[in-house]
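Trainee: Whenever a hint applies, use it, and build me the whole structure from the sequences.
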Amino acid sequence: MIRNPDPEPLLDITVQKSYPYRYSTGQLGTFFFRELRDHGKIYGRHCPGCGAVYVPPRPVCGPCWKATDRWVEVGPEGVLEAFTVVHFSFLDPMTGKPRPVPYGYGFIRLDGATSRIQHFLNETDQTRLRIGLRVRAKLKEERVGKLTDIEYFEIL
Amino acid sequence: MARKVAIVGTGQTDHKARRRDVNIGELIHEAVGRCLEDARMTIDQIDAVLIGNMEHFEGNFYVDMQMVDYTGACMKHALKITTGGTSGSSVAQAGFYHVASGHFDTVLAIGWEKQSDGDTTAGLIFQADPWYERPTMSGAIGTFALAACMYMEKYGITEEQAARVAVKNRTHACRNPHAHLKLSLTIEDVLNSRVLAHPIKLLDMCPASDGACALIFAGEDLAPKLAPQPAWVKAAVSRHDQPFNGDLPMLDQMRTLTAAAKEAYRIAGIIDPFREIDVAEIYEPCSFAELAWTEALGFCGWGEGGRLVESGATSLGGRLPVNPSGGVLSTNPIGATAMIRVAEAAIQIMGKAGERQVPDVRTAVSTGFGGSWWSDVMILSRSKP
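Going down the list, the sequences are from chains Z and B.
First residue of the first sequence? That's 1 in my numbering, and the numbers climb one at a time after it.
First residue of the second sequence? That's 157 in my numbering, and the numbers climb one at a time after it.
Quick caveat, the hints were computed from the structure, so don't treat them as lab data.
No experiment lies behind these values; they were computed from the predicted model shown.
Glycine is no exception: its CB is placed at the ideal position from the N, C-alpha and C atoms.
Fair warning: there could be bad hints in the mix.
Listed next, with one range per pair, are the computed distances between beta-carbon atoms [said to hold, decoys possible]:
1. Z:Cys64 <-> B:Asp285: 17 to 23 angstroms
2. Z:Leu91 <-> B:Asn348: 25 to 31 angstroms
3. Z:Ala67 <-> B:Asp377: 45 to 51 angstroms
4. Z:Thr14 <-> B:Cys230: 29 to 35 angstroms
Mentor: Here it is as structure tokens:
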């Protein structure tokens, strides 16, 4: 193996990239985010094989390999099925800045849905959180058609 | 029936937090050189080269092409395989299947990662769906915190039981010259360490490492000529699952690992895993994961992982040592990590494990993990299947 005989520090190069990617959300995603933006409603997608109601929506149920057949309105309330309070700050690629901590974070099963979504909670005191709490989506006044149109889930 | 295959050599770098003294190719070359040395082979004896890592950590998407001079792939069949956390074990499984097919007699499989070239948590964001997950994703730590929360609630698993895994694996690592972290820890050290996202504390979580690992697979005619004790592949199985964390129970009765293990045991003819397996290298990104995955592997019943680690059975000297290498909790160059599990299982079969050697190993199992929640299982044996 070649060993560098030079006592000077080895060289590094820093590359900071900013790629503009533009992702299509597809037909189901468009319906989902338009309903959220324009009507403040959340919808799941039903599988006729196993009866699952999926949030996020998808055109095919993976285990059944069947096309999902209809929209089902879910939430805005639900059950907290897992929780934590995040204390470590990390570089948030969505903002380019460290994410402010602490923040509450959890899995929410919206009423009527089979799968859970992960979202922020409005509680940072770990001792006040437990599995089974009822929660409700807190919607922003100004919505644009993104997941963050739900600002967080509030503990009821 | 496909032909029989064995691992005839392994090589690893000495894993560290930061290898700023080498570039990517030089890092890979170290592991390749050590592997060829271990197998007492030259690069001319290698028919094909397979390589993989988790590409977004370095932002290098052409490793198979760019590193040809370092991997020995010049004018050979070569493929890049990247499957997130399972990259290393996927490359290993592909190595097995290439030779088993009969089209290649020897395959060099390489897994590597230079975590210090990038930002680990920021890099992980690419695993998340841009519309439904990225805005709230909280890294591996946040995901495991939620998974551990549900697992603890369902079975009464405690932070102390998880801490025992962290202590056990870091203690094992002190006997492994390749391990990144070699820590002497007590349970109190783990319980008092900084809370990252409850219940995950700093010492419950794996590090990020720079490192590379290489394996050589050979067909049944060549293997006994190349290695005094080849590590024969009895089974190689992988299973994927739905893409969103919220679709799955996660740690609890993890579907893909349970299914992959069941199929691997069926192929290998294993009926009572706890009795028939002599050593296991489980891909455990956090302490709680090892508890849940000893259950999925059938070493104990559902919810009994905590009691299993308390019994001492999974420590070196116990009935079924788990992660005598120190595991992922001690060493984690992600693209290599799942391959290191295979390599360490092979090293145990080959009797080359030095101070971390488990006595009289006939059957070893290794697992690979990727988020969200897919699994690889490989079973190795001292005797030809």
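Trainee: What hints, given by number in increasing order, does this structure fail?
Mentor: When the structure is compared with the hints, none of them turns out to be violated.
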